[in-house]
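Peer 1: These are the residues of each chain, in order.
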Amino acid sequence: QKEVEQNSGPLSVPEGAIASLNCTYSDRGSQSFFWYRQYSGKSPELIMSIYSNGDKEDGRFTAQLNKASQYVSLLIRDSQPSDSATYLCAVKSTGFQKLVFGTGTRLLVSP
Amino acid sequence: KAGVTQTPRYLIKTRGQQVTLSCSPISGHRSVSWYQQTPGQGLQFLFEYFSETQRNKGNFPGRFSGRQFSNSRSEMNVSTLELGDSALYLCASSLQAMNTEAFFGQGTRLTVV
Numbered sequence: 001q002k003e004v005e006q007n008s009g010p011l012s013v014p015e016g017a018i019a020s021l022n023c024t025y026s027d028r029g030s031q032s033f034f035w036y037r038q039y040s041g042k043s044p045e046l047i048m049s050i051y052s053n054g055d056k057e058d059g060r061f062t063a064q065l066n067k068a069s070q071y072v073s074l075l076i077r078d079s080q081p082s083d084s085a086t087y088l089c090a091v092k093s094t095g096f097q098k099l100v101f102g103t104g105t106r107l108l109v110s111p
Numbered sequence: 001k002a003g004v005t006q007t008p009r010y011l012i013k014t015r016g017q018q019v020t021l022s023c024s025p026i027s028g029h030r031s032v033s034w035y036q037q038t039p040g041q042g043l044q045f046l047f048e049y050f051s052e053t054q055r056n057k058g059n060f061p062g063r064f065s066g067r068q069f070s071n072s073r074s075e076m077n078v079s080t081l082e083l084g085d086s087a088l089y090l091c092a093s094s095l096q097a098m099n100t101e102a103f104f105g106q107g108t109r110l111t112v113v
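From first to last, the protein sequence lines stand for chains H and S.
Be aware that the first sequence starts at 1, since it is given in the numbering used here, and climbs by one per residue.
Be aware that the second sequence starts at 1, since it is given in the numbering used here, and climbs by one per residue.
Do not take every clue at face value.
Stated by the list, open to error - Quick partial rundown of chain S residues pointing at chain H, CB under 8 Å, derived from the structure:
1. S33
2. G58
3. N59
4. F60
5. G105
What the hints assert, rightly or not - Once the Cα atoms are required to be at most 20 Å apart in a straight line, the calculated DMTMM-like pairs of lysine to aspartate or glutamate come out as:
6. H:K67 with S:E75
7. H:K56 with S:E75
8. H:K98 with S:E52
9. H:K98 with S:E101
10. S:K13 with S:E101
11. H:K42 with H:E57
12. H:K67 with H:D27
13. S:K57 with H:D27
14. H:K98 with S:E82
15. H:K67 with H:E15
16. H:K42 with S:E101
17. S:K13 with S:E52
18. S:K57 with S:E75
19. H:K67 with H:E57
20. H:K98 with H:E5
21. H:K98 with H:D27
22. S:K57 with H:E3
23. H:K67 with H:D55
24. H:K56 with H:D83
The hints are simulated quantities; they were obtained by calculation from the structure and are not laboratory data.
All figures in this text were calculated on a predicted structure; none of them were measured in a lab.
Every residue gets a Cβ at the ideal spot worked out from N, C-alpha and C, and that includes glycine.
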C-alpha cells in the first residue's frame, strides 16, 4: 500500500464547475496535510495546508480533512482554465518525519 | 522576500561524473529538504537537513549525499552519475523541521548522457 494515494486522472471539468480532488494516506500518525499545484515544467507551489479535522477555506479553494477515514480532499470552486495543473497531496507525521507526496492528480479545466 | 533559490537551473553531465547542486532557502528558514522528481516515480524524498544535521534520509544509494552550512544553505552531491539519475531535483525550505509548510525552489534539471 502506498503511503499517500491519489487518482492520477486526468480529471476533466468544465469552466465554472467544482473540481474535487481526493487523497488517502496510510499513516494514522500523520498530523500535517498539504496541497501543492504543479504546472508542467514548473516546481510545486503550496496552495493549502490543513492540520485539524474539518474544512479550511481560502478563496476558491477548500481543503477537507477526515483523520478517522485517513482522507483529505481539495475542492476548487468556479474552476478556471488556469487551474489546469497537477495537484499533489503531501502528508507529514510529527517530529522530524519526511513529507510524503502522492503521485498527483492531473486536472483539466475546459473553457 | 526572496524565495528558495536553486543553482544551476540546468545541467548536462556524462555517466560516471559527479555533480553538486546548491539550494539557498528562504531567509530565516532552517530546514532544507531535497527531492527527486521523475515522470515514473513522482516526488521521491532524498534527505532533510535542519541546523546542519541530517534529520531524515530517503531510500537512495550512498552516491547521493548532502550537507547544510551554518547559513542554512544546502548542497547535494551525486557521484558516479548514472543515466537513471536524470531528473528534476527540487529543494524545499521550511521555517522549522516539524509540521511546517515547505516551499520549493525552481529546481535543477539534470540530464545524464
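Peer 1: Now look at each hint and say whether the structure bears it out.
Peer 2: Checked hints:
1. A cut of 8 Å between beta carbons decides the hint on S33 of chain S: the least distance to chain H is about 7 Å, and the hint holds.
2. Hint status for G58 of chain S: holds, given a least beta-carbon distance of 7 Å to chain H, under 8 Å.
3. Residue-level restraint check for N59 of chain S is violated (minimum Cβ-Cβ distance to chain H is 11 Å; threshold 8 Å).
4. With 8 Å as the threshold, the beta carbon of F60 of chain S stays out of range of chain H, its nearest partner Cβ sitting at about 12 Å, so the hint is violated.
5. Look at G105 of chain S: its Cβ gets to within about 6 Å of chain H, closer than 8 Å, so that hint holds up.
6. Of the supplied pair hints, the one linking K67 of chain H and E75 of chain S is violated, its CA atoms being roughly 36 Å apart against a limit of 20 Å.
7. Taking the CA atoms of K56 of chain H and E75 of chain S, the gap is near 36 Å; set against the 20 Å cutoff, the hint is violated.
8. Restraint check: the Cα-Cα separation between K98 of chain H and E52 of chain S comes to about 16 Å, which is no more than 20 Å; the hinted pair holds.
9. At most 20 Å may separate the alpha-carbon atoms for a hinted pair to count; K98 of chain H and E101 of chain S meet this at roughly 12 Å.
10. At roughly 33 Å between alpha-carbon atoms, K13 of chain S and E101 of chain S are farther apart than 20 Å, so this suggested pair is violated.
11. Under the criterion of a C-alpha separation no larger than 20 Å, the hint pairing K42 of chain H with E57 of chain H is inconsistent with the structure, at around 25 Å.
12. For the given pair, K67 of chain H sits about 10 Å from D27 of chain H by alpha-carbon distance, which is consistent with the 20 Å threshold.
13. For the hint pairing K57 of chain S with D27 of chain H, the CA-to-CA distance comes to about 18 Å; that is within 20 Å, so the pair holds.
14. About 25 Å separates the Cα atoms of K98 of chain H and E82 of chain S, which puts this hinted pair outside 20 Å; it is violated.
15. Between the alpha carbons of K67 of chain H and E15 of chain H the distance comes to roughly 31 Å, so the proposed pair goes past 20 Å and is violated.
16. Annotation: proposed proximity of K42 of chain H to E101 of chain S holds, straight-line Cα distance about 19 Å (limit 20 Å).
17. The hinted pair formed by K13 of chain S and E52 of chain S fails the criterion: a straight-line CA distance of about 28 Å is larger than 20 Å.
18. As the CA atoms of K57 of chain S and E75 of chain S are separated by approximately 15 Å, the hinted pair is consistent with the 20 Å bound.
19. Distance hint between K67 of chain H and E57 of chain H is fulfilled; the C-alpha atoms sit about 18 Å from each other, no more than 20 Å.
20. A hinted pair counts as satisfied when its Cα atoms are at most 20 Å apart, and K98 of chain H with E5 of chain H qualifies at roughly 16 Å.
21. Distance hint between K98 of chain H and D27 of chain H is fulfilled; the C-alpha atoms sit about 12 Å from each other, no more than 20 Å.
22. Our distance criterion of 20 Å between C-alpha atoms is met by K57 of chain S and E3 of chain H, whose separation comes to about 16 Å.
23. For the hint pairing K67 of chain H with D55 of chain H, the CA-to-CA distance comes to about 12 Å; that is within 20 Å, so the pair holds.
24. Simply put, K56 of chain H and D83 of chain H have alpha-carbon atoms about 19 Å apart, close enough for the 20 Å limit, and the pair holds.
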